[in-house]
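Asker: Spelled out, the chains give:
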Amino acid sequence: MDASPQMPTLSKVPRILNERETKIVASDVNVYYGEKQAIKNLSIDIPDRAVSAFIGPSGCGKSTFLRTINRMNDTIDGCRVTGDILVDGKNIYDRDLDVVQLRARVGMVFQKPNPFPKSIFENVAYGPRIHGIAKSKADLEEIVVNSLKKASLFEEVKDRLDHSGTSLSGGQQQRLCIARAIAVNPEIILMDEPCSALDPIASARIEELIDEIRQNYCIIIVTHSMQQAARVSQLTAFFHLGDLVEFGDTDEMFTTPKDKRTQDYITGRFG
Amino acid sequence: MTDTFDKGNAAFIAKRYASERRFKAYGAVALAVSVLFLVYLIVDIGIKAWPSFFEHRVVLEVNLDASKIPADEVLKGDFEGLVRGSLRSLFPRVTTRGDVRSLTSLLSAGAADDLRQDTAANPASIGTTVRAGALLGDDSDLYLKGMLTTTLRMPGTTNLQLAQSGEEFILTGDLSQLAVGQIVRANGGALRITGVEAGLAKAEAILPPATLNSLTPGTWDILSFSRAEADRRIDDRQVVLLEALRDKGVIEKHFAWRFFTSGDSREPELAGLRGAIFGSLLTLIMTLSLSVPLGIAAAVYLEEFAAKNKWTEIIEVNINNLAAVPSIIFGLLGLAVFINFFGLPRSAPLVGGLVLALLVLPTIIIASRAALKAVPPSIKEAALGVGASHQQAVFHHVLPLAVPGILTGTILGVARALGETAPLLMIGMVAFIVDVPKGFTEAATVLPVQIFLWSDLPEIAFQSRTAAAIIVLLVILFGLNAAAIYMRKRFERRW
Numbered sequence: 043m044d045a046s047p048q049m050p051t052l053s054k055v056p057r058i059l060n061e062r063e064t065k066i067v068a069s070d071v072n073v074y075y076g077e078k079q080a081i082k083n084l085s086i087d088i089p090d091r092a093v094s095a096f097i098g099p100s101g102c103g104k105s106t107f108l109r110t111i112n113r114m115n116d117t118i119d120g121c122r123v124t125g126d127i128l129v130d131g132k133n134i135y136d137r138d139l140d141v142v143q144l145r146a147r148v149g150m151v152f153q154k155p156n157p158f159p160k161s162i163f164e165n166v167a168y169g170p171r172i173h174g175i176a177k178s179k180a181d182l183e184e185i186v187v188n189s190l191k192k193a194s195l196f197e198e199v200k201d202r203l204d205h206s207g208t209s210l211s212g213g214q215q216q217r218l219c220i221a222r223a224i225a226v227n228p229e230i231i232l233m234d235e236p237c238s239a240l241d242p243i244a245s246a247r248i249e250e251l252i253d254e255i256r257q258n259y260c261i262i263i264v265t266h267s268m269q270q271a272a273r274v275s276q277l278t279a280f281f282h283l284g285d286l287v288e289f290g291d292t293d294e295m296f297t298t299p300k301d302k303r304t305q306d307y308i309t310g311r312f313g
Numbered sequence: 026m027t028d029t030f031d032k033g034n035a036a037f038i039a040k041r042y043a044s045e046r047r048f049k050a051y052g053a054v055a056l057a058v059s060v061l062f063l064v065y066l067i068v069d070i071g072i073k074a075w076p077s078f079f080e081h082r083v084v085l086e087v088n089l090d091a092s093k094i095p096a097d098e099v100l101k102g103d104f105e106g107l108v109r110g111s112l113r114s115l116f117p118r119v120t121t122r123g124d125v126r127s128l129t130s131l132l133s134a135g136a137a138d139d140l141r142q143d144t145a146a147n148p149a150s151i152g153t154t155v156r157a158g159a160l161l162g163d164d165s166d167l168y169l170k171g172m173l174t175t176t177l178r179m180p181g182t183t184n185l186q187l188a189q190s191g192e193e194f195i196l197t198g199d200l201s202q203l204a205v206g207q208i209v210r211a212n213g214g215a216l217r218i219t220g221v222e223a224g225l226a227k228a229e230a231i232l233p234p235a236t237l238n239s240l241t242p243g244t245w246d247i248l249s250f251s252r253a254e255a256d257r258r259i260d261d262r263q264v265v266l267l268e269a270l271r272d273k274g275v276i277e278k279h280f281a282w283r284f285f286t287s288g289d290s291r292e293p294e295l296a297g298l299r300g301a302i303f304g305s306l307l308t309l310i311m312t313l314s315l316s317v318p319l320g321i322a323a324a325v326y327l328e329e330f331a332a333k334n335k336w337t338e339i340i341e342v343n344i345n346n347l348a349a350v351p352s353i354i355f356g357l358l359g360l361a362v363f364i365n366f367f368g369l370p371r372s373a374p375l376v377g378g379l380v381l382a383l384l385v386l387p388t389i390i391i392a393s394r395a396a397l398k399a400v401p402p403s404i405k406e407a408a409l410g411v412g413a414s415h416q417q418a419v420f421h422h423v424l425p426l427a428v429p430g431i432l433t434g435t436i437l438g439v440a441r442a443l444g445e446t447a448p449l450l451m452i453g454m455v456a457f458i459v460d461v462p463k464g465f466t467e468a469a470t471v472l473p474v475q476i477f478l479w480s481d482l483p484e485i486a487f488q489s490r491t492a493a494a495i496i497v498l499l500v501i502l503f504g505l506n507a508a509a510i511y512m513r514k515r516f517e518r519r520w
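So the protein sequences, as listed, match chains H and D.
Just add 42 to the spot in the first sequence (first one is 1) and you have the numbering used here.
Just add 25 to the spot in the second sequence (first one is 1) and you have the numbering used here.
Do not take every clue at face value.
Now the in silico label distances, taken between C-beta atoms and shown as ranges [unchecked claim]:
#1 D:415 with H:74: 17 to 27 Å
#2 D:500 with H:139: 19 to 29 Å
#3 H:74 with D:338: 15 to 25 Å
#4 D:402 with H:305: 33 to 43 Å
#5 H:87 with D:330: 33 to 43 Å
#6 H:294 with D:515: 57 to 67 Å
#7 H:179 with D:415: 44 to 54 Å
#8 D:330 with H:75: 44 to 54 Å
#9 H:138 with D:441: 44 to 54 Å
#10 H:74 with D:339: 25 to 35 Å
Rather than coming from a laboratory, the hints here were simulated on the basis of the structure.
The beta carbon of each residue, even a glycine, is placed where N, CA and C say it ideally should be.
Take these sequences, add in the hints, and give me the full structure.
Answerer: This is the structure we're talking about:
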């Protein structure tokens, strides 16, 4: 899809909830950091081709759960996961699952923009290169350009692809990170508070971008901003103290929450 | 207004500022004192070392007599004899054995070495007369540098009559200029005043004068010394000969390249650092080629791959402790393991390098781990996030970013190894070695050990050589540190 400047306002993008298939099925997931339990018996079905937002107060386990989906928490010492998480029916905690392949399918965008201290081109080309996706140099260039276009960054950087990725502004860096994630053709994109380090204008660009690409990916976004969750997501999950309190249509969640804790949180009574 | 700004006790606030000023002053004083010590040290060493970078030669016309030089083995020719003969020809009146010995003792034992090399390189010069610089001995050299005594020359301004009675010479006339211990140079000879009495001065011949003609103003002069003959390493006869050479204008002062291009020697004027520099170089190559790959690999494994359990904790503690172990212990270890158990040759750069590698390994591991730790985890996460394997993330992203820190640590470790003496003494690198080492298993010495060895020698000239060797070592160390800074800047990237 094109990065056309005549994007409809976010609220006008049609929400076709019933056409989606389930992409991720988590059942009875528990996550422990040493003795401390961060996620308690969590079960959730996350649909494809939609944006699901995880909200909740700090320390509620939303980032932790996000990181179990691409097994990023494997790198944390003393982190232990029980239960099943199925992606397209395959349990990603199976012994025979290659975590490298998993992460190629499940891309991730982090809280703080973290481009490699290399050129813009190299930043995007790195993933395709290590996965052997590009057949030739021209192929690789095409992937890089397409990824940058999808991340609506290409127009801004097309003349300086050899400049350092760290020379970009914060918002551009974050879009570069999204381009980098897109370049390896993931099916799922995890975003861990992607706008928390950005100013409102840069955040708006990222939100637009998420909305543009959501038709092609299963996107999960962790956010502290309820306005952002309301603007960008079709589904919202509310986490509290390691429990998934409520998961449902975003509009319903923000208008008629079922749980008292959700209502208290979204009305700003705690958190 | 005052209400807003005059909160709290005024005296208390004043005290707070006074305390701050006091601590600033302490810091400034500490800095000044340390700078002072450092400047004193450098200046002192520099002043002591300066004379060593120059040498004196006497320029002689040497007839390369073909009968003294075998045509097939030029290097075996009697160049010493030729050089001495040429020097003697400058003093036709020096004939007695003692005088001749005094004259030839001015030259260095290696005075003919340069001529020998030049002739070997250019055999066509055999049979011709060439100008050759003959190196002077250490005492002559020191005298000419003014380090043995200060010599004062006074032109003779009075009329004197000279007479001889037996061995003794009698000077009469205006004796106002003369004093005991001075040397009067006149009529082609030199007389040392032994006593000044009423109306006459007694003197003994250092070099017998050719005639007993009367001395008129301007035809004679006086040498007087700040240090008496008994208190200096050069006697009056040698001084007279040296002054005569100086008057003939055949003494030249040159930069002492020899100090860098020759090996160690018992003769200070011939002793050079080449052997030590090459020994240090070979030792460092050995040290680096062992400790850098091992150290970085160990650091990467410990920091990135090793499970965090009791074993890795014990290893970590031990590495930190090893960095603080006195270096001589490593020398003992090297002696016991490498020489006694494995039977490796003593005094060799191979063993020295092994011992120093063990010594700097903890430093390199600690510095490399710190550098790896300083790389933001977000970079590694980014790589993992696009599906890089752990190894790819480390080797493509973390390690390259850690390179400046690792380099700094490594060069500091190498600088430490370069200055290390004690462990090398234990493995026998303290021997007197003239030859420049050609391999890792040949006997060698290194710069700091060379300094240690020279500092122990009695010759005055070696004191200066010691200081000069320290300067060379310091320059190399500064060079290494400058390289470290340059490379850190070069590889440094922002993230």
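Asker: Please go over all the hints and tell whether each is borne out by the structure.
Answerer: Evaluated hints:
At roughly 22 Å, the beta-carbon separation of residue 415 of chain D and residue 74 of chain H lies within the given 17 to 27 Å, and the hint holds. Between residue 500 of chain D and residue 139 of chain H the beta carbon distance is about 59 Å. The supplied range of 19 to 29 Å is therefore violated. In this structure the hint that residue 74 of chain H and residue 338 of chain D lie 15 to 25 Å apart at CB holds, the actual value being about 22 Å. In this structure the hint that residue 402 of chain D and residue 305 of chain H lie 33 to 43 Å apart at CB holds, the actual value being about 37 Å.
Distance hint for residue 87 of chain H and residue 330 of chain D: a CB-CB separation of about 37 Å, consistent with the stated range 33 to 43 Å. Checked against the hint of 57 to 67 Å, the C-beta distance between residue 294 of chain H and residue 515 of chain D comes to roughly 58 Å, which is consistent with it. The hint said 44 to 54 Å for the Cβ distance between residue 179 of chain H and residue 415 of chain D, and at roughly 28 Å that hint is violated. A beta carbon spacing of about 21 Å between residue 330 of chain D and residue 75 of chain H contradicts the range 44 to 54 Å that was offered as a hint.
Judged by the Cβ atoms, the range 44 to 54 Å given for residue 138 of chain H and residue 441 of chain D holds: they are separated by roughly 50 Å. In this structure, residue 74 of chain H and residue 339 of chain D meet the distance hint of 25 to 35 Å, their C-beta atoms being roughly 27 Å apart.
Of the numbered hints listed earlier, those contradicted by the structure are 2, 7, 8.
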